[in-house]
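J.: Chains as they are written, first to last, in the numbering used here: chain A, 22 to 375; chain B, 22 to 375; chain C, 22 to 375; chain D, 22 to 375; chain E, 22 to 375.
None of these hints come from the bench; they were simulated from the model. Some clues are possibly wrong.
Note: identical chains are not told apart, hence a pair may lie in one copy or across any two.
[Stated by the list, open to error] Below, computed lysine-lysine pairings styled on DSS-like, alpha-carbon distance capped at 30 Å:
id	residue 1	residue 2
1	K46	K316
2	K102	K143
3	K99	K372
4	K316	K180
5	K215	K372
6	K372	K316
7	K99	K46
8	K215	K371
9	K102	K180
10	K122	K247
11	K46	K80
12	K247	K215
13	K371	K340
14	K122	K61
15	K102	K66
16	K122	K143
17	K142	K247
18	K187	K61
No experiment lies behind these values; they were computed from the predicted model shown.
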Amino acid sequence: MPRLKKRRSKKAGLPPGTLIHIGEKKAETPRITLIDYDEKQFQEKEVEAIEECFAFKDKHTVTWINIDGIHEVEVIEKLGKCFDVHPLTLEDILNTEQRPKAEDFDDYVFIVSKMLYYDEKKDSVRSEQVSIVLGSSFLISFQEAEGDVFNSVRERLRKGKGRIRKAGSDYLAYALIDAIIDHYFIILENFGEKIESLEDQLVTAPTQETLQSIHNMKREMIFFRKQVWPLRELIAGLTKGETPLINESTHVYLRDVYDHTIQIIDTIESFRDILSGMLDIYLSYISNKMNEVMKVLTIIATIFIPLTFVAGIYGMNFKFMPELEWHWGYFLALFVMGVIAVFMVFYFRKKEWL
Amino acid sequence: MPRLKKRRSKKAGLPPGTLIHIGEKKAETPRITLIDYDEKQFQEKEVEAIEECFAFKDKHTVTWINIDGIHEVEVIEKLGKCFDVHPLTLEDILNTEQRPKAEDFDDYVFIVSKMLYYDEKKDSVRSEQVSIVLGSSFLISFQEAEGDVFNSVRERLRKGKGRIRKAGSDYLAYALIDAIIDHYFIILENFGEKIESLEDQLVTAPTQETLQSIHNMKREMIFFRKQVWPLRELIAGLTKGETPLINESTHVYLRDVYDHTIQIIDTIESFRDILSGMLDIYLSYISNKMNEVMKVLTIIATIFIPLTFVAGIYGMNFKFMPELEWHWGYFLALFVMGVIAVFMVFYFRKKEWL
Amino acid sequence: MPRLKKRRSKKAGLPPGTLIHIGEKKAETPRITLIDYDEKQFQEKEVEAIEECFAFKDKHTVTWINIDGIHEVEVIEKLGKCFDVHPLTLEDILNTEQRPKAEDFDDYVFIVSKMLYYDEKKDSVRSEQVSIVLGSSFLISFQEAEGDVFNSVRERLRKGKGRIRKAGSDYLAYALIDAIIDHYFIILENFGEKIESLEDQLVTAPTQETLQSIHNMKREMIFFRKQVWPLRELIAGLTKGETPLINESTHVYLRDVYDHTIQIIDTIESFRDILSGMLDIYLSYISNKMNEVMKVLTIIATIFIPLTFVAGIYGMNFKFMPELEWHWGYFLALFVMGVIAVFMVFYFRKKEWL
Amino acid sequence: MPRLKKRRSKKAGLPPGTLIHIGEKKAETPRITLIDYDEKQFQEKEVEAIEECFAFKDKHTVTWINIDGIHEVEVIEKLGKCFDVHPLTLEDILNTEQRPKAEDFDDYVFIVSKMLYYDEKKDSVRSEQVSIVLGSSFLISFQEAEGDVFNSVRERLRKGKGRIRKAGSDYLAYALIDAIIDHYFIILENFGEKIESLEDQLVTAPTQETLQSIHNMKREMIFFRKQVWPLRELIAGLTKGETPLINESTHVYLRDVYDHTIQIIDTIESFRDILSGMLDIYLSYISNKMNEVMKVLTIIATIFIPLTFVAGIYGMNFKFMPELEWHWGYFLALFVMGVIAVFMVFYFRKKEWL
Amino acid sequence: MPRLKKRRSKKAGLPPGTLIHIGEKKAETPRITLIDYDEKQFQEKEVEAIEECFAFKDKHTVTWINIDGIHEVEVIEKLGKCFDVHPLTLEDILNTEQRPKAEDFDDYVFIVSKMLYYDEKKDSVRSEQVSIVLGSSFLISFQEAEGDVFNSVRERLRKGKGRIRKAGSDYLAYALIDAIIDHYFIILENFGEKIESLEDQLVTAPTQETLQSIHNMKREMIFFRKQVWPLRELIAGLTKGETPLINESTHVYLRDVYDHTIQIIDTIESFRDILSGMLDIYLSYISNKMNEVMKVLTIIATIFIPLTFVAGIYGMNFKFMPELEWHWGYFLALFVMGVIAVFMVFYFRKKEWL
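Please build the complete structure, drawing on both the sequences and the hints.
T.: This is the structure in structure tokens:
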């Protein structure tokens with residue numbers, strides 16, 4: 022659970038806009054790729070020094086600068102200065118514990134969201150922060166590490182398929198957000214499958230581990246929900262916002278993403294409800310089992326305790342015990358015991374314990 | 022529980038508007054029926070090739086094209102092109118995991134909702150997506166499989182009964198939504214009956230299966246609610262919306278459907294409350310039963326354990342045990358045991374355990 | 022619980038405005054009474070044929086037509102036609118499962134609400150639907166069966182007491198709603214008394230039946246709340262609504278009714294909270310009792326089991342057992358047992374179990 | 022719990038504005054005091070007949086009429102007529118079960134709130150209704166019984182301290198509400214102390230009574246909250262309201278009272294949360310205790326049961342039992358028993374039960 | 022838990038604006054420091070008599086007066102008079118139980134918030150009230166005791182780093198609030214670490230103390246949340262407020278603080294969810310353990326009770342018991358016992374208890 026241990030505190034007391042990277046260092050050196058395109062042309066290159074990008078700033082083509090690895094503060098700083106990015110924005114980019122949000126800074130819109138990966142080995146969801154600075158003719162995206170979620174967008178840009186090459190940087194921003202959210206569905210499907218297998222376990226033979234898994238799933242849901250919930254607001258903000266950076270024609274696409282977000286939130290809530298129900302089932306399974314154990318003990322004990330008592334009586338060594346002298350005494354005693362046992366069994370039958 | 026396993030993920034990474042059918046294939050070949058009518062005339066035919074419909078696009082009569090089976094992407098695509106339907110709408114029609122919603126695309130209103138069927142065999146609710154594209158003089162409806170819910174509307178159109186032939190396509194849309202929601206009441210009645218029979222079981226002889234059924238019902242309710250809740254918003258949106266495609270005179274009918282939706286939601290919430298109460302009753306039944314079992318064990322054990330101890334004492338083989346020599350020793354011992362037993366019974370009476 | 026079994030489904034598929042009576046038939050023949058009044062004159066008569074009422078439609082006096090028993094569809098239909106009532110309204114009047122609501126149809130306001138009766142025998146709340154069609158100079162009220170809740174209003178009209186004869190039909194509508202809601206307080210008082218008696222039982226000697234009663238009360242509360250909650254909205258709607266049918270001067274009275282509704286809702290919520298608390302008390306009572314039972318068993322068992330063991334040892338028949346030969350062996354054994362018992366009691370004292 | 026038994030029902034069916042006193046009669050004869058003041062002069066007198074007050078109605082000085090005891094309907098009625106108070110207001114004054122509210126009747130503002138007292142003996146909160154009719158130059162306050170909460174306000178008026186003599190009747194109304202709400206803090210402190218002492222009990226030695234006290238506190242909280250919650254709305258209404266009777270300069274004071282109300286609500290909610298947590302602690306304490314009891318029983322029983330069995334074997338009277346003849350048989354048997362016991366203790370140690 | 026025992030009641034009945042210090046006296050003598058600066062100059066001095074500050078009131082430079090220790094009422098009073106602070110504001114400054122809030126008094130904005138410290142020894146969060154009076158060219162801050170949270174701001178002022186010396190008093194206010202909220206993150210990290218260590222305990226060996234700790238944490242969360250929740254509103258109010266005292270250019274910084282607040286609230290809510298989950302895990306751990314204990318008891322008892330009974334039978338002293346005479350009787354008896362034991366073990370295996 023390294024999620025709870027974040028060292029945001031090292032920033033306490035520093036002036037706002039101080040650029041400090043907060044979070045794990047997930048990549049060796051930042052990798053910068055630049056894609057420049059409009060309807061007719063397309064250019065893609067890997068950038069060595071960040072300064073190479075500056076020339077593209079005032080071109081009318083759409084320029085997409087993608088930076089994988091944000092721990093080198095100077096790179097971010099230089100880029101920020103060139104593209105007139107507010108120091109607070111840069112600070113937010115470097116701090117990997119942002120809550121997803123969209124902020125309108127007149128010249129650009131700043132979008133923070135979370136890429137989520139399902140880590141099979143640790144059986145938990147990892148999150149990586151993706152920041153997007155969307156200007157009128159450029160878009161800069163910051164990832165913590167290299168990821169492949171944006172590859173499909175790159176592919177569409179290369180092939181010039183669909184609307185993407187004709188539209189502006191706002192449509193590119195939409196495409197990136199859409200790629201991120203599409204990825205959430207995959208994780209939800211993983212969860213769905215796990216929930217089903219847990220349900221099967223619950224019906225057949227639940228163990229302590231089943232319980233542990235249910236609790237883990239619940240926790241993952243809390244985490245997931247915390248990441249997705251603000252997205253709703255974020256996208257609603259972009260759709261309704263008055264920023265001229267996002268064209269009217271892109272609104273219908275954002276509305277589509279908005280629907281997906283609602284759908285994800287709905288599914289998470291359903292999962293939470295189902296998991297809560299599973300906990301209830303587990304608990305009543307346990308208490309039923311205990312009940313059954315108790316019944317067995319009670320039946321055995323209450324049948325044999327009186328019998329043992331009778332045996333105990335005739336094991337006493339009193340001088341004068343008339344029954345002991347009787348010829349059929351022993352068999353009578355056995356008969357009495359039998360009667361007691363039968364009566365007990367009959368009583369339990371009536372109580373529906375047997 | 023195949024509901025959790027939906028393969029929406031196969032769309033991740035594709036550009037928006039890519040037409041891929043997501044969901045089960047529920048029909049063999051799509052079946053297309055066309056109804057064209059106004060106050061004076063009525064025409065109904067089964068269509069072989071989708072192109073036959075295109076001629077009706079600009080007629081002033083109301084044209085209702087109904088498509089059962091949406092897995093043949095090309096059919097949807099051609100139709101979409103002819104009637105100027107936005108690619109995102111077509112994508113939504115093909116994706117059977119939409120959340121119910123209404124979207125206003127100037128030229129048409131796009132409505133997605135869910136038809137629900139109660140599957141007696143599996144004892145669960147199945148859902149089927151119904152999409153409606155409502156234009157000024159046409160309405161196209163898409164179903165996943167052939168269903169009979171719309172038959173009553175067709176019948177009314179054929180007979181020219183009521184307001185339906187005089188009104189426009191918006192009234193037809195209302196009639197279809199009304200038919201869908203009316204069907205929900207039937208399912209709710211099914212649920213109501215099952216809840217009652219479960220309540221009877223609870224009072225008489227609840228078993229582990231009763232518990233399982235209650236949990237199943239709760240789950241069905243989560244599912245049902247997830248389908249119905251967005252409908253409220255949907256219809257409120259249509260009523261308050263400023264789209265000129267829906268006439269003022271239809272608003273009063275939509276308000277009526279809105280009331281029905283609220284009523285359904287209310288009933289679902291009541292059912293949920295009742296089911297929760299039933300779970301509580303079951304749990305306290307179990308713990309009461311356990312309590313009773315424990316009491317029987319305790320009473321039997323605490324009466325006989327001391328008696329057995331007394332018997333044990335006089336079963337000892339010490340050389341010198343004066344009581345053993347007494348002539349009435351045995352009967353005295355029995356008497357002492359009797360006194361202990363009576364005292365115990367008296368004690369339990371006082372404690373109100375007997 | 023006949024409340025869950027309503028046959029609304031028989032309407033599924035019919036066109037809107039189809040007049041079908043849904044609900045129990047609670048009266049033999051509909052009974053129609055007509056009251057016509059203004060400040061100076063007053064006229065009251067029982068009506069045989071509904072057509073007698075039509076003459077009063079355009080009179081400037083206030084006309085109140087009350088119909089007890091709504092199962093004769095033609096009566097409702099004729100009345101509806103004469104007073105220009107929308108078919109959807111007539112449909113709602115006949116369907117006794119409406120949610121309380123107020124709808125503004127320009128020419129009239131349509132109000133549906135529920136009369137609630139407490140059925141002592143079945144120990145549950147019965148509801149009856151009351152619909153009101155409020156026009157500018159007439160008011161038509163529909164009840165499922167004859168009831169006496171409106172008698173006080175009739176009495177006030179006859180005697181000409183208070184504001185009622187001077188005011189218009191809107192004030193009459195207020196008076197009827199007020200009479201209905203006043204009746205709710207009586208039911209709440211019934212509930213209050215039952216809750217108190219349950220609380221007394223809980224403190225003294227709760228039984229399984231106490232639990233059952235608490236659950237029943239909770240269910241009644243769910244039902245009650247479902248009936249009252251929409252009333253709040255209804256009356257707020259009338260107060261804030263812009264319908265010219267309700268005079269400014271009546272607003273202050275409606276505000277008063279609104280306060281009553283809020284008060285009822287508050288009380289219901291308090292009752293629910295109290296009932297939940299009572300369930301918790303019951304459950305902890307049960308677990309306390311079980312704890313006590315367990316303690317008694319444990320104390321008895323753990324004192325006597327070791328003693329019985331000691332007795333068992335000296336009951337063995339080994340040839341060579343030196344203690345058996347000792348003269349004081351028996352008394353020594355008894356002494357040892359006594360010591361063990363005293364130690365055990367001492368131990369339980371320390372544990373605060375005794 | 023006399024709170025649940027209120028006889029509001031005796032009003033059902035009466036016309037609105039009928040003046041009937043609902044509630045306990047808490048004072049013998051109503052006591053009327055009149056205070057008339059402005060910045061320069063001050064006059065205070067006890068009034069015998071209510072008519073003495075009427076002369077002050079049109080004076081420009083501020084007149085405060087306070088009535089302790091509202092069961093004499095005629096007094097209220099006469100006063101109401103003189104000061105043009107609406108019959109519904111008078112009805113509300115007489116009905117002591119009002120929900121706190123503020124209503125604007127053009128000529129005056131009507132405010133109902135609750136004075137709360139902590140009744141040490143019954144260990145519960147008593148409430149008394151305080152109604153205020155605030156006119157442009159007069160204020161009439163109605164209390165159910167004589168109370169001392171307003172004494173501090175009277176004192177300030179007499180001494181002419183602070184802003185109070187310079188300001189108008191609206192400031193006086195504020196001062197009275199402020200006095201009432203200040204009193205709530207005292208009760209909350211009482212509750213706070215009781216909660217702390219309960220917490221101490223919980224940690225050391227919780228009993229069934231501790232549980233009962235926690236439930237009582239929860240109930241008191243439900244009651245308290247019901248009284249305070251509407252106050253928030255009430256005061257917000259006065260602050261935002263457009264009534265000219267409340268001067269701009271008083272708004273800042275009302276905002277202050279509003280803050281206090283929020284603070285009280287916050288504290289109540291915290292108390293509720295804490296009490297819920299305490300219930301959880303109690304329940305887990307009980308189940309822990311039970312667990313411990315069970316362990317002791319299990320350990321004693323599982324150690325001695327096998328030993329007793331061994332003793333039982335050698336207590337059998339078979340003719341041919343070789344072990345019995347062995348010289349060291351007895352000691353061997355004891356040794357075997359010792360080994361079994363040691364093994365059992367070892368086993369429990371491993372299970373961490375000892 | 023001294024938090025619940027606050028003596029706010031001593032103010033009940035006093036006129037508003039009466040200056041009384043409510044809260045602990047946390048400092049010996051109030052310490053007053055004054056910082057006066059603009060872009061070019063910087064002056065810092067410790068003030069002996071409060072009157073020294075008055076000269077700075079009308080200077081155009083920004084003046085920051087910080088007062089540590091608010092129990093000397095006269096100091097606050099004099100300062101208030103000089104800077105035209107409303108008596109209600111002064112009252113709020115002295116009352117250390119304010120809810121965080123921001124109030125706009127035309128000439129100045131009054132902000133109350135809470136500084137939180139984590140007290141390692143008592144393992145709980147302490148709070149201290151910080152009040153800020155923000156004027157156009159001055160800012161007065163009041164703390165209950167000397168603290169070091171503002172030191173970083175002082176340092177930035179001294180060094181002239183960042184925007185702070187160029188901006189006005191509103192930016193200074195922002196910097197102070199930011200410093201307070203940054204400190205919250207440190208506390209949250211503390212909590213995060215404790216939660217993780219509790220989780221480790223839960224998985225390995227939970228004890229009664231673990232439970233106690235979880236409940237303590239929950240309580241701390243209730244307290245923390247109560248302090249932070251109103252901050253959200255406070256800062257939103259400052260951002261959206263129309264007060265001219267806060268420049269447009271500061272809004273972006275306030276928005277940043279707002280984001281931090283939301284993030285803190287989110288984290289608190291997650292922590293609460295996680296703690297609730299931990300309680301559930303603990304409870305099911307206990308009930309599992311109990312189940313296990315019961316099983317061991319049941320298995321041992323049900324195996325040996327029948328065996329002991331058999332031994333008891335052959336321990337009876339009847340004259341005529343044929344089995345006793347058999348040569349192999351003893352071994353047969355042992356064999357029968359063995360068979361019973363094996364059967365029992367087999368039975369438990371089948372039940373999956375072994």
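J.: May I ask which of the numbered hints given earlier this structure violates, with the numbers listed in increasing order?
T.: Hint check: 1, 2, 3, 4, 11, 13 and 14 fail, others pass.
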